[in-house]
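Taking numbering that gives the first Met the number 0, the leading residue of the sequence shown gets 0, the next gets one more, and so forth.
What the hints contain is simulated information worked out from the structure, not anything from laboratory work.
Among the hints, erroneous ones may be present.
When the alpha-carbon atoms are kept at most 25 Å apart in a straight line, the in silico DSS-like pairs for lysine-lysine are as follows [to be verified]:
hint: 1; residue 1: K94; residue 2: K115
hint: 2; residue 1: K144; residue 2: K129
hint: 3; residue 1: K165; residue 2: K140
hint: 4; residue 1: K64; residue 2: K94
hint: 5; residue 1: K115; residue 2: K64
hint: 6; residue 1: K140; residue 2: K122
hint: 7; residue 1: K115; residue 2: K140
hint: 8; residue 1: K129; residue 2: K115
hint: 9; residue 1: K140; residue 2: K66
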Amino acid sequence: MAANTTAKKTADTADELHPCECSKYDAVFPDELTEENLASGSYQVFETGCTATTKRQFAPGHDAKLKSALIKWGALGLDIRRTEGGVATSASADKHAARYAFAHMVTAGVKRAEAKAIERRRKAEERAAKKAAPKAKAPKKVTAKVGRWERTGTVEGDTFTYTDAKGATKTTTKFALIG
């Protein structure tokens with residue numbers, strides 16, 4: 000009799016189990032969804048990797064798994080699809096998340112990730128511009144004879160700029176470089 004009860008519970012449980020909600024989602028690059036690529040199957044699909052079955056909507060912790068996937072895919076601008084009953088529905092991360100309690104977190108996360116990406120691009124552009132810009136070389140200090148005095152200063156073209164004994168900056172075109 001106990002065996003019959005256990006068998007009945009197992010049968011009931013098997014009927015109630017269904018795939019976790021996060022397993023219904025995937026994402027692809029929008030530009031890869033051409034008719035040629037769809038026909039040949041040459042496009043990259045990102046999935047949550049969930050194979051869990053559960054009595055509830057999500058397996059334990061899988062709501063967070065879906066939330067993080069939606070944020071990541073939304074920030075990358077991927078085409079997010081939800082497949083149920085063989086029908087795939089494409090929408091933005093915000094629209095897919097709207098059916099869950101964590102929708103506001105997905106919206107904020109996507110905005111934050113996009114802002115970070117913009118900041119990273121801006122910094123990379125600044126670094127590239129700084130690297131490409133010609134570096135202004137500091138004029139080399141030289142010693143030259145001005146009149147009967149030896150002075151240390153810089154030469155630009157045919158002009159010698161130096162500081163005299165009183166601390167005043169002077170320029171002259173009449174000088175002789177020393178060694």
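Each hint, compared with the structure:
Taking the CA atoms of K94 and K115, the gap is about 22 Å. The hint holds against a cut of 25 Å. About 38 Å separates the Cα atoms of K144 and K129, which puts this hinted pair outside 25 Å; it is violated. Of the pairs offered as hints, the one joining K165 and K140 holds, with about 19 Å between alpha carbons and a cut-off of 25 Å not exceeded. For the hint linking K64 to K94, the alpha-carbon distance of about 17 Å falls within 25 Å, and the restraint holds.
Restraint check for K115 and K64: the C-alpha separation of about 21 Å stays at or below 25 Å, so the hint holds. With a CA separation close to 35 Å, the supplied pair K140 and K122 exceeds the 25 Å bound. Distance restraint check for K115 and K140: the Cα-Cα separation of roughly 45 Å exceeds the 25 Å cut-off, and the hinted pair is therefore not satisfied. Restraint check for K129 and K115: the C-alpha separation of about 21 Å stays at or below 25 Å, so the hint holds.
For the hint linking K140 to K66, the alpha-carbon distance of about 62 Å lies beyond 25 Å, and the restraint is violated.
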